[in-house]
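Please build the complete structure, drawing on both the sequences and the hints.
Listed below, chain by chain, are the residues.
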Amino acid sequence: MRTPEPLIFKHSRSGRSAAGQYPQGATANVPEKFRRRKPAALPEVSELQAVRHFTRLSQLNFSIDTHFYPLGSCTMKYNPRACNQYAMLPELLGRHPLAPAGVSQGFLSCLYELQEMLKDVTGMKGVSLTPMAGAQGEFAGLAMIRAYHRARGDLQRTEIIVPDAAHGTNPATATMCGFSVVEIQSLPNGDVDLEALKGAIGPKTAGIMLTNPSTLGVFERRIQEVAKLVHEAGGLLYYDGANLNAILGKVRPGDMGFDVIHMNLHKTFSTPHGGGGPGSGAVGVNQRLLPFMPIPVVGKEGDSYRFLEEKDLPQTIGRLSAWAGNAGVLLRAYVYMRMLGREGMHRVAEFAALNANYLLARLKQAGFDAAYPERRASHEFIITMKRQAKELNVTAMDFAKRLLDYGFHAPTTYFPLLVPECLLIEPTETEAKEELDAFVAAMVAIQAEAEQDAAKVKGAPYTLPVRRLDDVRAAKQLDLTYGMRSTE
Amino acid sequence: MPFIPHTDTDIKEMLAAIGAPSIDALFDEIPAALRIKSLAAIPEALTEMEVGRLMTARAQVDGRPLCFLGAGAYDHHIPAAVWAIVTRGEFYSAYTPYQAEASQGTLQLLYEYQTMMSSLTGMEVSNASLYDGASALAEACLMSVRAHRKSKSARIVVPATLNPTYLSVSRAITEGQNLKFDVLPYEPGKGTLQFSKLEALKGEDITAVVIQQPNFFGLMEDVDAITDWAHANGAQVIAVVNPLSLAMFKPPGEWGTKGVDIVVGDGQPLGVPLSSGGPYFGFMTTRMEHVRQMPGRIIGRTVDLDGKQGFTLTLQAREQHIRRSKATSNICTNQGLLVTAATIHMSLLGASGLEAVASTSQQQTAKLVEKLTRIPNVKLAFDGYRFHEAVLQLDRNVSDVLDALAKRNIVGGLDLSKRYPELGNALLVCATETRTDADIDAYASALAAVLER
Numbered sequence: 174m175r176t177p178e179p180l181i182f183k184h185s186r187s188g189r190s191a192a193g194q195y196p197q198g199a200t201a202n203v204p205e206k207f208r209r210r211k212p213a214a215l216p217e218v219s220e221l222q223a224v225r226h227f228t229r230l231s232q233l234n235f236s237i238d239t240h241f242y243p244l245g246s247c248t249m250k251y252n253p254r255a256c257n258q259y260a261m262l263p264e265l266l267g268r269h270p271l272a273p274a275g276v277s278q279g280f281l282s283c284l285y286e287l288q289e290m291l292k293d294v295t296g297m298k299g300v301s302l303t304p305m306a307g308a309q310g311e312f313a314g315l316a317m318i319r320a321y322h323r324a325r326g327d328l329q330r331t332e333i334i335v336p337d338a339a340h341g342t343n344p345a346t347a348t349m350c351g352f353s354v355v356e357i358q359s360l361p362n363g364d365v366d367l368e369a370l371k372g373a374i375g376p377k378t379a380g381i382m383l384t385n386p387s388t389l390g391v392f393e394r395r396i397q398e399v400a401k402l403v404h405e406a407g408g409l410l411y412y413d414g415a416n417l418n419a420i421l422g423k424v425r426p427g428d429m430g431f432d433v434i435h436m437n438l439h440k441t442f443s444t445p446h447g448g449g450g451p452g453s454g455a456v457g458v459n460q461r462l463l464p465f466m467p468i469p470v471v472g473k474e475g476d477s478y479r480f481l482e483e484k485d486l487p488q489t490i491g492r493l494s495a496w497a498g499n500a501g502v503l504l505r506a507y508v509y510m511r512m513l514g515r516e517g518m519h520r521v522a523e524f525a526a527l528n529a530n531y532l533l534a535r536l537k538q539a540g541f542d543a544a545y546p547e548r549r550a551s552h553e554f555i556i557t558m559k560r561q562a563k564e565l566n567v568t569a570m571d572f573a574k575r576l577l578d579y580g581f582h583a584p585t586t587y588f589p590l591l592v593p594e595c596l597l598i599e600p601t602e603t604e605a606k607e608e609l610d611a612f613v614a615a616m617v618a619i620q621a622e623a624e625q626d627a628a629k630v631k632g633a634p635y636t637l638p639v640r641r642l643d644d645v646r647a648a649k650q651l652d653l654t655y656g657m658r659s660t661e
Numbered sequence: 005m006p007f008i009p010h011t012d013t014d015i016k017e018m019l020a021a022i023g024a025p026s027i028d029a030l031f032d033e034i035p036a037a038l039r040i041k042s043l044a045a046i047p048e049a050l051t052e053m054e055v056g057r058l059m060t061a062r063a064q065v066d067g068r069p070l071c072f073l074g075a076g077a078y079d080h081h082i083p084a085a086v087w088a089i090v091t092r093g094e095f096y097s098a099y100t101p102y103q104a105e106a107s108q109g110t111l112q113l114l115y116e117y118q119t120m121m122s123s124l125t126g127m128e129v130s131n132a133s134l135y136d137g138a139s140a141l142a143e144a145c146l147m148s149v150r151a152h153r154k155s156k157s158a159r160i161v162v163p164a165t166l167n168p169t170y171l172s173v174s175r176a177i178t179e180g181q182n183l184k185f186d187v188l189p190y191e192p193g194k195g196t197l198q199f200s201k202l203e204a205l206k207g208e209d210i211t212a213v214v215i216q217q218p219n220f221f222g223l224m225e226d227v228d229a230i231t232d233w234a235h236a237n238g239a240q241v242i243a244v245v246n247p248l249s250l251a252m253f254k255p256p257g258e259w260g261t262k263g264v265d266i267v268v269g270d271g272q273p274l275g276v277p278l279s280s281g282g283p284y285f286g287f288m289t290t291r292m293e294h295v296r297q298m299p300g301r302i303i304g305r306t307v308d309l310d311g312k313q314g315f316t317l318t319l320q321a322r323e324q325h326i327r328r329s330k331a332t333s334n335i336c337t338n339q340g341l342l343v344t345a346a347t348i349h350m351s352l353l354g355a356s357g358l359e360a361v362a363s364t365s366q367q368q369t370a371k372l373v374e375k376l377t378r379i380p381n382v383k384l385a386f387d388g389y390r391f392h393e394a395v396l397q398l399d400r401n402v403s404d405v406l407d408a409l410a411k412r413n414i415v416g417g418l419d420l421s422k423r424y425p426e427l428g429n430a431l432l433v434c435a436t437e438t439r440t441d442a443d444i445d446a447y448a449s450a451l452a453a454v455l456e457r
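The listed protein sequences derive, respectively, from chains A and B. Using the numbering used here, you'd call the opening residue of the first sequence number 174 and step up by one each time. Using the numbering used here, you'd call the opening residue of the second sequence number 5 and step up by one each time.
A hint or two may mislead.
[To be verified] In silico lysine-lysine, BS3-like type, Cα no more than 30 Å apart, as pairs:
#1 B:LYS330 <-> A:LYS371
#2 B:LYS154 <-> B:LYS262
#3 B:LYS184 <-> B:LYS156
#4 A:LYS559 <-> B:LYS194
#5 B:LYS41 <-> A:LYS292
#6 B:LYS312 <-> A:LYS649
#7 A:LYS484 <-> B:LYS206
#8 A:LYS484 <-> B:LYS154
#9 B:LYS262 <-> A:LYS649
#10 B:LYS206 <-> B:LYS154
#11 A:LYS484 <-> A:LYS563
#12 A:LYS183 <-> B:LYS312
#13 B:LYS194 <-> A:LYS206
#14 B:LYS383 <-> A:LYS211
#15 A:LYS629 <-> B:LYS312
#16 A:LYS401 <-> B:LYS41
#17 A:LYS206 <-> B:LYS262
#18 A:LYS377 <-> B:LYS156
#19 B:LYS383 <-> B:LYS201
Worth flagging that the hints you see were computed from the coordinates, not collected in a lab.
This is the structure in structure tokens:
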């Protein structure tokens with residue numbers, strides 16, 4: 174176990190600084206009423222101390238570059254280094270967001286082509302790149318649905334249908350958009366319950382939010398019937414692109430009947446997850462929602478590109494970010510798509526599915542229980558630890574924590590909420606077979622440990638910078654800043 | 005196959021283990037009619053060398069014009085160490101720290117960030133980031149409606165000197181929740197909030213008053229008086245600030261008698277490159293009493309089974325993955341990597357370094373204003389105390405002047421004539437510490453030449 178790295182404030186000494194990093198000599202003459210009296214409590218450290226501190230902190234993390242990271246629903250695939258390098262060329266980094274189109278044609282051409290490629294892989298008619306994460310893409314999608322109904326004078330549509338397996342962002346977004354949420358259950362085989370759907374839809378239905386394949390790791394086989402039912406009732410279909418990696422190059426949401434989608438470029442198109450962002454939640458729409466897209470959108474006139482603004486799209490739902498979304502993320506996704514090319518697009522879903530189905534088959538052979546044993550896995554699948562929890566008192570969380578000791582990031586735990594003691598496992602297409610085999614071996618070893626010495630598994634992890642943390646204390650005795658609780 | 009490690013032998017063995025005849029068979033649950041026929045709009049794959057050549061060519065089309073734009077995004081020096089560390093795979097390719105034990109690096113850094121941001125803004129608590137400054141203001145307005153239970157109006161008063169884009173974004177994001185935004189005018193000739201218009205609202209139910217400091221014109225508002233007035237009249241106060249400026253200026257936690265309730269802004273000036281507008285990050289700090297109404301991730305310090313210090317996501321009962329339709333916000337992924345940059349940046353510069361950057365930026369802008377207003381027919385619109393932006397008035401159409409400057413490879417500022425028609429041919433300019441005296445002279449002679457025609 175490592176020695177803990179102290180807080181940066183512990184390295185601080187009054188009068189120390191990285192003086193080469195800022196201009197010397199300027200002193201401001203600030204009027205008394207505006208002046209800051211006491212300097213902010215920022216650390217006073219040398220450049221080496223800062224570099225060493227943050228490098229050491231980085232080493233406390235698991236990451237894709239260092240560990241297999243099968244976090245379900247998050248698509249933790251390799252982030253090619255070229256995408257970062259070429260999005261950070263000095264001209265691109267130095268471009269001001271308000272720079273006129275005349276000095277922005279190179280940048281705008283990348284975004285325009287990205288829009289075109291995303292339209293093609295999703296089967297949609299228009300793409301706006303501005304939403305800054307999946308949840309904002311969802312927001313944009315539902316806001317467009319609201320705008321569409323309003324524009325038709327159809328004001329009674331106040332409900333959004335969400336399956337019980339949906340990501341928490343779906344119902345949260347519906348609320349944020351001013352809709353009420355109608356939840357419908359899934360069938361035991363993982364498909365949407367069409368009878369429940371029929372009971373839920375009606376004249377108040379604004380739309381339905383679906384992830385396909387769903388968070389249960391299976392493809393919604395009757396999606397065309399779902400689309401027909403919802404459309405006949407006057408509602409629209411929203412596609413949550415969290416699992417787009419499962420079908421990239423195989424099926425398109427537009428062809429399934431979806432009216433509006435978001436894509437998580439940080440999942441399917443391999444931009445970095447960054448320890449919790451930045452993401453990008455680009456949205457795609459079909460013909461009838463084109464006028465409502467969030468601005469700006471990149472347009473092309475002749476050979477030149479420019480941002481389309483409110484005057485071009487007067488019915489737009491408006492602007493969701495100060496500028497044009499997470500532009501640097503968009504450039505990374507563009508480089509990624511150009512490197513994959515057409516054939517590479519098809520291979521994404523193929524090898525993601527191969528890896529998921531292989532891992533599922535191996536885990537089933539090793540005696541683990543699939544939540545949907547009769548179904549094909551999509552790009553991910555669920556193992557349930559219900560039996561282990563009952564028989565050995567070892568839970569999904571215990572397995573997850575022990576996996577960390579074996580050098581694997583844990584799968585997603587306790588989501589989706591309707592499968593008890595679940596591990597949602599998504600290997601992605603960029604992992605080699607040996608890595609998957611090693612993961613199976615670790616799961617088998619932990620199972621053996623659980624049978625012989627459950628306490629050992631329940632006490633895990635042992636080899637990480639910290640052992641299991643007291644979350645109750647964290648929430649009850651709030652300590653959110655250095656100095657809040659003690660005078661250490 | 006780029007980024008796919010499978011050999012033919014691997015594929016055979018894996019399909020055998022699955023019991024499937026081919027990879028295609030793995031998609032047999034998908035109706036055949038839905039399968040993709042072609043992807044005509046996707047070009048053939050490029051190698052890394054080819055894509056490098058392509059991107060370099062695209063970047064060179066745009067070049068590096070000399071830029072005097074600000075308006076919410078500012079070109080500051082970023083120490084080399086910042087992005088060298090940010091792009092380490094351990095930060096770059098990790099995700100939200102759901103498994104705390106395997107994410108202590110990110111979590112401790114976020115705790116340090118929360119500490120720095122709270123201190124910089126003079127508030128008690130900070131979240132771990134929002135998307136950007138504009139959407140952070142939208143979240144602050146929604147938070148104020150939740151936190152201020154006595155106010156029933158959901159009415160937000162904003163000055164016309166708020167960055168207009170921030171207001172547009174706030175309207176778009178709160179559209180479904182019946183918030184009302186009232187825009188109060190600025191004092192003509194002065195460029196700061198017309199206080200009498202605020203006083204005229206006495207006795208009305210106002211949920212929150214928004215103040216941007218320095219305001220969109222680069223001027224300083226009388227934040228103490230506005231804050232005290234708002235509190236005396238039962239409204240909360242939301243401050244929108246440039247975090248760099250807080251190295252010099254009084255933090256919102258000390259405005260007026262009690263300090264403000266919520267502080268938001270864009271963290272871009274703290275180590276984040278311009279990069280066409282993103283990714284940046286939004287920050288939010290508040291008083292402890294409102295912490296449960298905050299949106300976004302919050303990190304807490306706690307102990308592990310052995311009593312050793314550790315860090316974890318906390319107060320998750322506010323968030324969408326637990327509360328679903330009753331969450332404080334739908335935000336999930338935020339802007340973690342940019343917060344990483346800001347935390348390293350603030351550590352390297354320290355309070356005195358940030359103050360030096362802020363005051364040098366102010367000084368360069370003063371020089372810029374001085375040089376440009378020496379040109380005939382270039383006037384300063386407002387002469388109050390300012391930070392690092394200024395509004396100039398020209399004798400002709402600003403957009404034509406900017407086009408002419410662009411031909412000389414100078415991005416001359418932001419045309420305000422559409423947003424603020426009453427100001428005439430108005431131009432918002434900015435200089436940071438990265439604009440040298442020679443740069444300023446180059447701009448001045450270019451503008452003089454353009455206006456001479």
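Hint-by-hint comparison with the structure:
1. With a CA separation close to 25 Å, the supplied pair LYS330 (chain B) and LYS371 (chain A) stays within the 30 Å bound.
2. Between LYS154 (chain B) and LYS262 (chain B) the alpha-carbon distance is near 18 Å, which keeps this suggested pair within the 30 Å criterion.
3. A threshold of 30 Å between alpha carbons decides the hint, and for LYS184 (chain B) with LYS156 (chain B) the separation of about 11 Å falls inside it, so the pair holds.
4. A C-alpha spacing of about 69 Å is found between LYS559 (chain A) and LYS194 (chain B), which places the hinted pair above 30 Å, so the restraint is violated.
5. Note on LYS41 (chain B) and LYS292 (chain A): the hinted pairing holds, with a Cα-Cα distance of about 15 Å set against a maximum of 30 Å.
6. As the CA atoms of LYS312 (chain B) and LYS649 (chain A) are separated by approximately 17 Å, the hinted pair is consistent with the 30 Å bound.
7. Only pairs whose Cα atoms come within 30 Å are accepted, and LYS484 (chain A) paired with LYS206 (chain B) is rejected, the gap being roughly 37 Å.
8. For the proposed pair LYS484 (chain A) and LYS154 (chain B), the alpha carbon gap of about 40 Å is over 30 Å, so the pair is violated.
9. The suggested pairing of LYS262 (chain B) with LYS649 (chain A) holds, with an alpha-carbon distance near 26 Å, which does not exceed 30 Å.
10. For the hint pairing LYS206 (chain B) with LYS154 (chain B), the CA-to-CA distance comes to about 16 Å; that is within 30 Å, so the pair holds.
11. Taking the CA atoms of LYS484 (chain A) and LYS563 (chain A), the gap is near 62 Å; set against the 30 Å cutoff, the hint is violated.
12. At roughly 17 Å between alpha-carbon atoms, LYS183 (chain A) and LYS312 (chain B) fall within 30 Å of each other, so this suggested pair holds.
13. A C-alpha spacing of about 18 Å is found between LYS194 (chain B) and LYS206 (chain A), which places the hinted pair at or below 30 Å, so the restraint holds.
14. A threshold of 30 Å between alpha carbons decides the hint, and for LYS383 (chain B) with LYS211 (chain A) the separation of about 36 Å lies outside it, so the pair is violated.
15. A threshold of 30 Å between alpha carbons decides the hint, and for LYS629 (chain A) with LYS312 (chain B) the separation of about 19 Å falls inside it, so the pair holds.
16. The suggested pairing of LYS401 (chain A) with LYS41 (chain B) holds, with an alpha-carbon distance near 22 Å, which does not exceed 30 Å.
17. The suggested pairing of LYS206 (chain A) with LYS262 (chain B) holds, with an alpha-carbon distance near 15 Å, which does not exceed 30 Å.
18. For the proposed pair LYS377 (chain A) and LYS156 (chain B), the alpha carbon gap of about 27 Å is at most 30 Å, so the pair holds.
19. Only pairs whose Cα atoms come within 30 Å are accepted, and LYS383 (chain B) paired with LYS201 (chain B) is accepted, the gap being roughly 27 Å.
Of the numbered hints given earlier, the model fails hints 4, 7, 8, 11 and 14; all others are met.
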